[in-house]
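Kindly produce the complete structure, drawing on both the sequences and the hints.
In our numbering, the protein residues as written are 1 to 378.
Source of the hints: derived by calculation from the structure; they are not laboratory data. Among these hints, one or two may not hold up.
Said to hold, decoys possible - In silico lysine to any residue, SDA-like type, Cα no more than 20 Å apart, as pairs:
id, residue 1, residue 2
1, K37, A322
2, K277, A85
3, K37, A231
4, K250, A85
5, K277, R52
6, K277, T287
In this text the structure is predicted, and so the values were computed from the model without any measurement.
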Amino acid sequence: MPATPVITGSPRLRPIVREIPAYAPGQLPRGRGQACKLSSNESPYDPLPSVREAVAAAAGHINRYPDIAATALTGALAEHLSVPASHVALGCGSAGVIQQLLAATSGPGTQVLYGWRSFEAYPLMVQLAGATEVTVPLRADTHDLPAMTDAVSPRTSLIIVCNPNNPTGTVVHTGEFRAFLDRVPGDCLVVLDEAYREFVRDPAVPNGLDLYRDHPNLAVLRTFSKAYGLAGLRIGFLIAQPPVAEAVRKTMVPFAVNTIAQAAAIASLAAEAELLKRVDAVALERTRVRGELLAWGFPVPATEANFLWLRLGPATTDFAAACERAGISIRPFPGEGARVTIGDRSANDSFLAVARQFQRDAAHATPAGHRQDGTEAA
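The following block contains the structure:
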């Protein structure tokens, strides 16, 4: 019999892999109430029938590799957005495209600059790329572009501006963003992350597609996960000048955008008018829910995304626990605030009921943990 091997050590892994936490997705609802998942910025609507049909048809061909160039989808996007096909690059969700951008621009010795707090995956991906992260605190819950400009150094290889910003929903406007672009060195790539672009109603918010042609160092990032309701299929895309788009195509994991995702995205573009009606409904609910919260005294900045940001500070954890007890999951950032996705009207009403009760309970409790009537708070 062969001798049993003796295990004397463990595989050598990069230190950063041990140091960074894994990305934490939005939690599923728990508790006793009606389950409402408002912790991930997903569409509350089921896929459209035409998209389901496209998915079913594509499923019959999954024994074959997908088109690595996603030729049909690239062409559909180019026509839909009125850009050349050579300006389009795809990835496994917008996060996948960011990884491709980092692989193309950044590594040891370089710096990646972004505002904070912003999308939670940014620091994880930057650290894995081996680059140094440089963060600039938000001002009034949005990007402080002048401060970000001042933070640019000769080592800065990539700058990310999430607009609307996740998790605050706040925006920078066209004039200030143009001024920012004019001050950034031309050899530093600026990524305008527009994952929530379809939910924007403020006409002063820049549309990256109107700017990138005059700024070769600007790349525009979008996704099918949010407004198009394809979060489960992971497909994002970038629009940029050919040298950047080509680099992003080269750094994509082969076949990362699968056959079903490509078919669903093409069908979604064809059904955009129907999908955008759903986006309008979310925007209306966003206004209604924020109005109720403001009336009750919650601090909620204006948002152009499909979620709200509640600046709750030390009360964040207690608020998230109150939601959880009611079967509602939200995205808490302890000590800072909570992000709450806009769901359908029923889910939003369930959330508002919890928020209203939380506000009432807080009004009847003193900082020492006693109610106004002198009894101890539970």
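Evaluated hints:
{"no.": "1", "hint": "K37 <-> A322", "result": "14 Å, holds"}
{"no.": "2", "hint": "K277 <-> A85", "result": "27 Å, violated"}
{"no.": "3", "hint": "K37 <-> A231", "result": "14 Å, holds"}
{"no.": "4", "hint": "K250 <-> A85", "result": "15 Å, holds"}
{"no.": "5", "hint": "K277 <-> R52", "result": "18 Å, holds"}
{"no.": "6", "hint": "K277 <-> T287", "result": "16 Å, holds"}
Checked against the numbered hints above, the structure breaks only hint 2 and satisfies the rest.
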